[in-house]
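There are 4 protein chains.
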Amino acid sequence: MASINVALIGYAFMGRAHSNAYRQVTPFFSPSLTPRMKVICGRNRANVEQAARQLGWEEAATDWRDVVARKDVDLVDVVTGGDTHAEISIAAAQAGKAVFCEKPLARSVEEADAMLAAVKKAGVANMVCHNYRRAPAVTLAKRLIDEGRVGHIRHFRGTYLQEWLVDPNFPRVWRLDREKAGTGTLGDLGSHVIDLARFLVGEIAEVSGTVETFTKERPLPEDPTRKAPVTVDDAFAALVRFTTGAMGSIEATRYAPGRKNHNRFEINGSEGSLGFNLERMNELEVYFRSDSGPERGFHTILVTDRDHHPYVKNWWPPGHIIGYEHTFTHTVYDLLESIAKGTPVAPSFEDGARNQRVIDAIARSAQSRAWTRV
Amino acid sequence: MASINVALIGYAFMGRAHSNAYRQVTPFFSPSLTPRMKVICGRNRANVEQAARQLGWEEAATDWRDVVARKDVDLVDVVTGGDTHAEISIAAAQAGKAVFCEKPLARSVEEADAMLAAVKKAGVANMVCHNYRRAPAVTLAKRLIDEGRVGHIRHFRGTYLQEWLVDPNFPRVWRLDREKAGTGTLGDLGSHVIDLARFLVGEIAEVSGTVETFTKERPLPEDPTRKAPVTVDDAFAALVRFTTGAMGSIEATRYAPGRKNHNRFEINGSEGSLGFNLERMNELEVYFRSDSGPERGFHTILVTDRDHHPYVKNWWPPGHIIGYEHTFTHTVYDLLESIAKGTPVAPSFEDGARNQRVIDAIARSAQSRAWTRV
Amino acid sequence: MASINVALIGYAFMGRAHSNAYRQVTPFFSPSLTPRMKVICGRNRANVEQAARQLGWEEAATDWRDVVARKDVDLVDVVTGGDTHAEISIAAAQAGKAVFCEKPLARSVEEADAMLAAVKKAGVANMVCHNYRRAPAVTLAKRLIDEGRVGHIRHFRGTYLQEWLVDPNFPRVWRLDREKAGTGTLGDLGSHVIDLARFLVGEIAEVSGTVETFTKERPLPEDPTRKAPVTVDDAFAALVRFTTGAMGSIEATRYAPGRKNHNRFEINGSEGSLGFNLERMNELEVYFRSDSGPERGFHTILVTDRDHHPYVKNWWPPGHIIGYEHTFTHTVYDLLESIAKGTPVAPSFEDGARNQRVIDAIARSAQSRAWTRV
Amino acid sequence: MASINVALIGYAFMGRAHSNAYRQVTPFFSPSLTPRMKVICGRNRANVEQAARQLGWEEAATDWRDVVARKDVDLVDVVTGGDTHAEISIAAAQAGKAVFCEKPLARSVEEADAMLAAVKKAGVANMVCHNYRRAPAVTLAKRLIDEGRVGHIRHFRGTYLQEWLVDPNFPRVWRLDREKAGTGTLGDLGSHVIDLARFLVGEIAEVSGTVETFTKERPLPEDPTRKAPVTVDDAFAALVRFTTGAMGSIEATRYAPGRKNHNRFEINGSEGSLGFNLERMNELEVYFRSDSGPERGFHTILVTDRDHHPYVKNWWPPGHIIGYEHTFTHTVYDLLESIAKGTPVAPSFEDGARNQRVIDAIARSAQSRAWTRV
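Protein chains in written order, with this note's numbering: chain B, 1 to 374; chain H, 1 to 374; chain S, 1 to 374; chain G, 1 to 374.
Be aware that one or more of the hints could be misleading.
Since the list can't tell identical chains apart, any single copy or any two copies may satisfy a pair.
[To be verified] In the DSBU-like style, the derived pairs of lysine-lysine whose C-alpha atoms are separated by at most 30 Å in a straight line are:
| hint | residue 1 | residue 2 |
| --- | --- | --- |
| 1 | K313 | K180 |
| 2 | K227 | K216 |
| 3 | K227 | K313 |
| 4 | K142 | K216 |
| 5 | K120 | K71 |
| 6 | K341 | K120 |
| 7 | K180 | K120 |
Please keep in mind that the hints were generated in silico from the structure rather than gathered at the bench.
Please take these sequences and the hints and turn them into a complete structure.
Encoded structure:
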């Protein structure tokens, strides 16, 4: 069986999630291209060597430029902090590698456009990791929409609620620093909601947004006696209009007590409705006007039926739920198949760049305090 | 419009619920026979006069024998303690009155049989108040079963869980005294579950039961420094077999913290399943194998649609839920219509007597520690 | 016991709900002032006489001006279409009557201001019927907020979703005519959400809104072969900022399949969160950071505990849920008590006028496409 | 780091689940003993070689006797059909290997006792794989019980509902053949519920049970034109009494439409209640009487908090749910630690044998139609 050599740049939370996907995709999905976990790269040698052992990579490296240039690397997977996505991805593309980049693709429209130009020019496979498209319940939602089961979509409501900044003494980690992260909730959580909105409903034409930083400064992780300013948004909310005329709202916050990872959407169409919540990732709520009158009600579908539901036949019998990390496995599987077949895969860098435009429009709208075109 | 004169014997919790039903049935259901709230009867003159004023009765009386004998009384409604159901109902039947009696019908099979014989001999309308049959969601469940939507029923699981005896200092009220109440959870809660089982699935052929009294004595309400024995069951559980071969379980307890009024059943048939919980009385859960594969899941039906759901067109628009007491209004409405038309109404005293036989079989089985025929 | 004579102007849906409240408040709440259902008024004599009989009013009348002028009327309750709220309420105030008016108070800020001026000048008791403040779960939410249990509020999300316009052949009823209704979802559903937002969080300082009419014309009720334009909003959405800096969103639609009466809010504060959904009106969801770590999770409170929850001790034992219409009974009870004691009651016409300003700001913002001060 | 060589006997559903656990335990849990996936064994050479490649085993073998005798095997993991658990486990113990055996441990009390005697005599580490003890929510439930948070337990209700036999044309697979499987739902599903009951509540003293085979014969998998008898139970139900006096019920069926993997229990104690459902494996419902009155309600705990909940700190951040197979990883982790430290681990073969006694008592009770001591 053909194989493909992978280099992973970065080894933190997303490094663990991507490594797991490469380990699991072969036993469960038997992809056309078997990923070989060639090399993992990080700045701190001791740490990256430990990560290589722990996560199952053949080699550890500390200079991503060397790694990207290696002849025996076919696919570069970028899971670094947001401030290096562009540089690494562009270099990888220029070296002719397929590029798989964590979300949000970039810190700005300019960066995203440059990255998109690079992969286009190089003609390399490219994908941005918005993994929730491939939660089976979300993939099923997309299928039902494509089949016309909810009709013409009129409403999209997407919220991504977390709680981890409620404590004012939580330290000012890199995600709260504009230089490193680009944005706060906008890029981290909002980009997920925007991707789901674009995936399920279509392109967003214009937005009216507002952003907020509730806690202006926080203790430094390395020295809690000193404080540093929080330079990104703690929360944002936006009204959106899709090109189809559908109305939408998109919101994210890190200040919602009790909401651990509440990535929820609801869609109302002319023939039915759909609802999803990542905290109950294996379930999809559907309502069909085509159900006979007395029986109409939201169905709670446990999306674990191998005969009918996407991806799950490769896992366990019905009712044996799968976990968060499998959304990455599905994403990697589809990426590998697309590379094997030479077909495009979504979300691509094109999607990442369009996503960035929506984020940018929300940020601009929050400044201008008016509706803003994407 | 024709009217019917009602006498209510008793004025406690159920007296309030029944009075409310008579008051509400006319404005909301315009029954063929308008109930005239003629007289309410209780042993304490001051209290019953206060109740008459409060609950809207024309007169108050203290001797039920006089009331039952009155020429201007057409329907006698018995909501007294369990130890007087039989005596009053029989006298009312002998006086030629229609009789409506709270559940459980009696304290024993013998009492129930005597009551049934009396109404049969007198040829009077008779009904036992198992009001939950007429929660719209339960009536809808019955309709779906009758239409064959769940197929051949194989499983019934019914539990009625409350928590009000968890505190060991809760006083020994009349419901905990065998002399007054006949049984504890068996008659109070169990009779409701048995009625739902018989209504929805059919007759119960045999049972294996167990009963328990967790707290053997409790403080007297009138003098908390003294204790008296608890002489009824605090909880019971029974396996049952229906005459159809279906398997079932029936359980009730007053020792389930957090379960306020958790009268829940689930039914599994060859074509689908049904679920209900009184604490979410306006909802019915249904699962149909006939749903297309990818969409199969329990529907949560909000049973408030005037076009499709029983009783609700007389109340409010869709989604405007109704409360517990409306189950009594529906029951009274159907009773009045049956009297007006001279047609039978269920659950009748016949149902009450059959119910009592199941209770009795469970109690006997708990003694013999073996399966027992009803 | 003292009594108060009530005149009800109007007898449609809200007429039934208010009549029920007057009938039920006495047996269940024994208010200090017993309401006497003196006269109901409507334009069609046959209909209003039928309504009087059905709903329990002593007299029927067809000219509201006569009714409002009657010496034996103390309280005028206005449940007419939105186009006559102002005229009737002002006349009632000028006649020295207490005035209770359905929501939305008016069709415009000008009307609302005139109504407010009238009741102020006359010094009469006044209340606008935003009944959901007195769903026990909502009243409990308010109490928890006032006790500081959710801390400083940062987020409010309120949506009111219904589905009754999804069918394009649904007729163009009066609610879809700007002349009669003033607005569509903004006043009908939005005013409820705005009232809850103001009640629970505080005043709204500015808004960014958008409105939509999905179906531009519909068949006339009286002649389905002819169509007439829909001149109100089918849906709206708004971002809001409270004077406290809290972020909020308010949305309503009549195009959400499966959402029958989905008046839902979620509040996130510095110490906890609250959630409510009218379709499960007897439940409140609460999350407290003060819960010990391993046990933290949303509590689903069944708000039916007579010892601890507002209003419910007057109804039934724990777990016996109440219905939609009791929110009116609670409202009428508090209105009667306030009149008896001469104390103010909320929401007053002042609240109604402030509510109208928010509606107006949303409508203006939808025009200007920019943030707009209330 | 020390390692331990593992042999896996069997490669079907459980073979995949156990293999996954060995692959995943190292990257996520860094156990004291690193499992080396030495050899997988099955009767069909081609299949087992394919399984070895797919699942990550170094070697494939076809004779379990050879494998069990290998010097370089330390731990024998038995995931074969139920008819060979005893023979293989006993041989492994006699060869001095640690033994890890799938549930149910045996087909009969005699087999289970022989297995227990063998591991005791050999003094080898032993564990039966009741993996649901180590769903984090279940482990948390156990912790809360041990801390006294639910007080003295009075009620246990456990049901394991599946639907895969509802279709009468589903073939007569090996699980429906008494010779291969020993029992039907009793051993397959019931043993899980019994294990949870014993883990959480304590030993079961006596039972009253009933069993049913709804479909007496089914088509043969290899030739659907021929039918063979179903010789095991399709469903069972039992009342149980714990040695503490607590009441319980245990039920399982493969005929519950819509219930995919509904392993649910509820526990009521003197101070609180607990609820769990495997289909929402990451959630635990708790109710504490110690909560302040107005706030009492079932908490829905999302058991994904690394600071407070068992096992989850090794996986993902809060709200990122884990899947079914992780219960095996936790089980293998604890087994490896126990072997490394030489400490006992539960559930042991002793637990498996006690479990078998409960199954046996239910089967005997179903015959005798009377309460039966375990």
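Does the structure break any of the earlier hints, and which numbers would those be?
-> The structure conflicts with no hint, since it agrees with every one listed earlier.
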